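Visitor: The lines below spell out each chain.
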Amino acid sequence: MRRVGGARRGLDMWLAQRAGAIYMALFLPLFLLLALAAPSLDYAGWRALFLPLGMKVATLLFFAALLAHAWIGLREIFIDYLHCARCVMLRLSLYFAVAALYLACLVWAADILWSVR
Amino acid sequence: MRFRIYRYDPESGNKPSMRDYELDIDPQGRKVLDALIAIKDTLDESLSFRRSCREGVCGSDGVNVNGANVLACITPLEGLKEPIEIRPLPRLGVIRDLIVDMAQFYQHYRAVKPYLINLDPEPENERLQSPEDRAELDGLWECILCGCCTTSCPSFWWNPDKFLGPAALLQGYRFIADTRDQATDERLDFLEDPYRLFRCHGIMNCVEVCPKNLNPTQAIGKIKTLLVKRAL
Chain A
1 MRRVGGARRG LDMWLAQRAG AIYMALFLPL FLLLALAAPS LDYAGWRALF LPLGMKVATL
61 LFFAALLAHA WIGLREIFID YLHCARCVML RLSLYFAVAA LYLACLVWAA DILWSVR
Chain B
1 MRFRIYRYDP ESGNKPSMRD YELDIDPQGR KVLDALIAIK DTLDESLSFR RSCREGVCGS
61 DGVNVNGANV LACITPLEGL KEPIEIRPLP RLGVIRDLIV DMAQFYQHYR AVKPYLINLD
121 PEPENERLQS PEDRAELDGL WECILCGCCT TSCPSFWWNP DKFLGPAALL QGYRFIADTR
181 DQATDERLDF LEDPYRLFRC HGIMNCVEVC PKNLNPTQAI GKIKTLLVKR AL
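Respectively, the protein sequence lines represent chains A and B. Going left to right, the first sequence walks through residues 1 to 117 as our numbering numbers them. Going left to right, the second sequence walks through residues 1 to 232 as our numbering numbers them.
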C-alpha cells in the first residue's frame, strides 16, 4: 500500500498549546496575587473572590486552556507511542474519549463557578 | 584499557552479544577510533566498523560510546569510564558489529530535497548572495550526516519511518533559509505534518550529541516560526 503523508496539519495544535500555556502563565500569578491580597481566605473571602463576572470568565478560560493543553499533550503521546498498523482506530477512540471527558470537566467547572452567587 | 564491544554477525546465526577486550594502549592523546583500529589489528580481525577520514569530517564512524552517540575519531579515550562500552548507533538496523543500515536516514535526507531549487536561467558565473544572506546558512551547512543526532532522538525511535529526524530537518531548513532557493513554500508544505516535523518535542538530545556543535532544535524552531508567519 502506498504510504500517505503531508497532512498540512499539526501547526494549529502546536500553536493552540502554546497559546494556552501563555494564558495559564499569565493567569496563575495574577490569581495568586489576588488570592494573597484578599483580606481573608475563609469561605466568605473565597466567595467574594469568585463573585465578579470577570473572575468567573477568567477562571473558566483558565480551565479551557488547561484542558485543551492537556488534550493536545495526550494526543502527542498517543501519536508517539500508539503507531501499530491497527492503532488508528484505537487512537481515534482515545481522542474522542479524552475529549468527551475533558469537555465534561469544563462544563462541570462552569457549573461550579456560576454556582457562586 | 578494558572495552566491551557489541558484536553481531548475521551469517553466524548467533544473537548479538557484547564481547570484552583488554587492550594495551596509552590513552594519552588517543581517540576511540585508534583503540578500535588497534583491537582489529592486534586482537580480533573480525571486528567491523566504518571509518574513513579519521578526523571528524566524513561522519562515517558514528557509534554509541558509554551511552552517548559520538564520532569515534574525535572522542578522546582519556576520561572514559571503563569498561568502555561501544555499540552501534541506536534504532537503525545493524548490518554487522558497529555498522548500521543508514537507508532510512538517507531516505529522510532525500525527502527534504537537499539541493537548491531555482528555475531562473542560470547566470553567467554564479548566483550571488549578500554576506548577510550567506551568514544565515552558518550553523546549517556544516552538517556531515553522521546520524548521531537523529539516532539519539526518542521521537525518531518511536516513529523512524515518519518523523524526519533532526539531521534531515536541519538540512531542510538549510535550503529554506537560502535566499537563492525558490521552493520555500513547497518545502514548508512538505514539512507541515503531524509526523514529519511536529514529532519534535524540543528535548534537545540532538544538540547535546552533535559532534559539529550544530543546533537542529533551533533550526526546527525557525521552521515552526516560518509556518506560523505563513499561516497568520
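Bear in mind the hints are in silico, worked out from the structure with no lab data behind them. Fair warning: this is a prediction, and the values are worked out from it, not measured in the lab. Incorrect hints may have been included.
[Claimed, not checked] Residues from chain B that face chain A, not an exhaustive set, calculated with beta carbons under 8 Å:
#1 Ser155
#2 Leu197
#3 Phe198
#4 Gly202
#5 Val228
#6 Lys229
Just so you know, even glycine gets a beta-carbon here, dropped at the ideal spot from N, CA and C.
Visitor: Any CB of chain A closer than 8 Å to the CB of Ser155(B)?
Guide: 7 Å, holds
Visitor: Would you check whether Lys229(B) satisfies its interface hint, that is, whether its CB is within less than 8 Å of any CB in chain A?
Guide: 11 Å, violated
Visitor: Classify the hint on Val228(B) as holds or violated, based on whether any CB of chain A lies nearer than 8 Å to its CB.
Guide: 6 Å, holds
Visitor: Using the nearest Cβ pair, does Leu197(B) come within less than 8 Å of chain A?
Guide: At 7 Å from the nearest chain A Cβ, Leu197(B) passes the 8 Å test, so the hint holds.
Visitor: Hey, does the Gly202(B) contact hint survive, CB to chain A under 8 Å?
Guide: Cβ of Gly202(B) sits 11 Å from chain A, so the hint is violated.
Visitor: May I ask you to test the interface hint for Phe198(B) with respect to chain A, counting a Cβ-Cβ separation under 8 Å as satisfied?
Guide: 4 Å, holds
When held up to the earlier numbered hints, the structure conflicts with 4 and 6 and fits the remainder.
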